[in-house]
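Given the sequences, and given the hints that come with them, work out the whole structure.
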Amino acid sequence: AQSVSQHNHHVILSEAASLELGCNYSYGGTVNLFWYVQYPGQHLQLLLKYFSGDPLVKGIKGFEAEFIKSKFSFNLRKPSVQWSDTAEYFCAVLFTGGFKTIFGAGTRLFVKA
Amino acid sequence: DGGITQSPKYLFRKEGQNVTLSCEQNLNHDAMYWYRQDPGQGLRLIYYSQIVNDFQKGDIAEGYSVSREKKESFPLTVTSAQKNPTAFYLCASSAGRNNEKLFFGSGTQLSVL
Numbered sequence: 092a093q094s095v096s097q098h099n100h101h102v103i104l105s106e107a108a109s110l111e112l113g114c115n116y117s118y119g120g121t122v123n124l125f126w127y128v129q130y131p132g133q134h135l136q137l138l139l140k141y142f143s144g145d146p147l148v149k150g151i152k153g154f155e156a157e158f159i160k161s162k163f164s165f166n167l168r169k170p171s172v173q174w175s176d177t178a179e180y181f182c183a184v185l186f187t188g189g190f191k192t193i194f195g196a197g198t199r200l201f202v203k204a
Numbered sequence: 818d819g820g821i822t823q824s825p826k827y828l829f830r831k832e833g834q835n836v837t838l839s840c841e842q843n844l845n846h847d848a849m850y851w852y853r854q855d856p857g858q859g860l861r862l863i864y865y866s867q868i869v870n871d872f873q874k875g876d877i878a879e880g881y882s883v884s885r886e887k888k889e890s891f892p893l894t895v896t897s898a899q900k901n902p903t904a905f906y907l908c909a910s911s912a913g914r915n916n917e918k919l920f921f922g923s924g925t926q927l928s929v930l
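Those sequence lines, one after another, are chains A and B.
First residue of the first sequence: 92, per the numbering used here; consecutive thereafter.
First residue of the second sequence: 818, per the numbering used here; consecutive thereafter.
It cannot be assumed that every hint is accurate.
A few chain A residues that face chain B, going by a derived Cβ cut-off under 8 Å, partial list only [said to hold, decoys possible]:
{"id": "1", "residue": "LEU135"}
{"id": "2", "residue": "LYS140"}
{"id": "3", "residue": "THR192"}
Restraint-style ranges between C-beta atoms, simulated for each label pair [as the list claims (entries may be wrong)]:
{"id": "4", "chain 1": "B", "residue 1": "PHE829", "chain 2": "A", "residue 2": "GLY188", "range": "39 to 45 Å"}
{"id": "5", "chain 1": "A", "residue 1": "PHE142", "chain 2": "B", "residue 2": "LYS831", "range": "43 to 49 Å"}
{"id": "6", "chain 1": "B", "residue 1": "GLU832", "chain 2": "A", "residue 2": "LYS149", "range": "46 to 52 Å"}
{"id": "7", "chain 1": "A", "residue 1": "ALA107", "chain 2": "B", "residue 2": "PHE829", "range": "42 to 48 Å"}
{"id": "8", "chain 1": "B", "residue 1": "PRO856", "chain 2": "A", "residue 2": "ALA107", "range": "26 to 32 Å"}
In short, the hints are calculated from the structure, not lab data.
A virtual CB, placed ideally from N, CA and C, is assigned to each residue, including glycine.
Have a look at this one:
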């Protein structure tokens, strides 16, 4: 079955620390990859996406993610987090030819001011 | 102001009762989705619809039903057969073409009395 795994359920960082959230997916052919973010009290929204081309993609608010096909991974990174990055982050995969976007369990990030 | 509107924000269900969650979109999107969000489990797909008058079961469809009589509307009914309905329910839509991102509503929190 197609699945998405996120390595950490809870992460606590101090401001200016670097962030890396892990995401792996089960093999299923060509994929489209997403990171969504849910800030407290707000809608779930797209942070960044990968469809093809350069495996290093940049999103909003200084986030980036790298697609490593050989490792079935799509890790999210940010060099220096801010208090306003406190949110829940979801990795998601859409297998090409399908309509079902599959989500990971989510990672709650808390950034201490 | 384009988007997805879910109502109500909070809903309480009595034992043996069916309840219906509303989802309306004015984005002219073909595809609509219902996800259930539980703490630590991420988002799980209940039902999705690629086009009017057509819908498919997702990964956890048992105890739920949907209809898609209009492009802009995709109501979800939580039936009495759903034994653990307490959760946060998210409606989403996409243009329907492959690799499209999802747009989410603000969600409905359903609780059992």
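Status of each hint after checking the structure:
The criterion of a C-beta within 8 Å of any C-beta in chain B is met by LEU135/A, whose closest approach is roughly 4 Å, and the hint holds. Evaluation of the LYS140/A hint against chain B yields a held restraint, the C-beta minimum of about 6 Å falling below 8 Å. Interface restraint check: THR192/A against chain B, minimum CB-CB distance 6 Å, threshold 8 Å, status holds. For PHE829/B and GLY188/A, the Cβ-Cβ distance of about 40 Å falls inside the hinted range of 39 to 45 Å, so the restraint holds.
At roughly 46 Å, the beta carbons of PHE142/A and LYS831/B sit within the given window of 43 to 49 Å. Taking the beta carbon of each, GLU832/B and LYS149/A are about 50 Å apart, inside 46 to 52 Å as hinted. At roughly 44 Å, the beta-carbon separation of ALA107/A and PHE829/B lies within the given 42 to 48 Å, and the hint holds. The hint said 26 to 32 Å for the Cβ distance between PRO856/B and ALA107/A, and at roughly 29 Å that hint holds.
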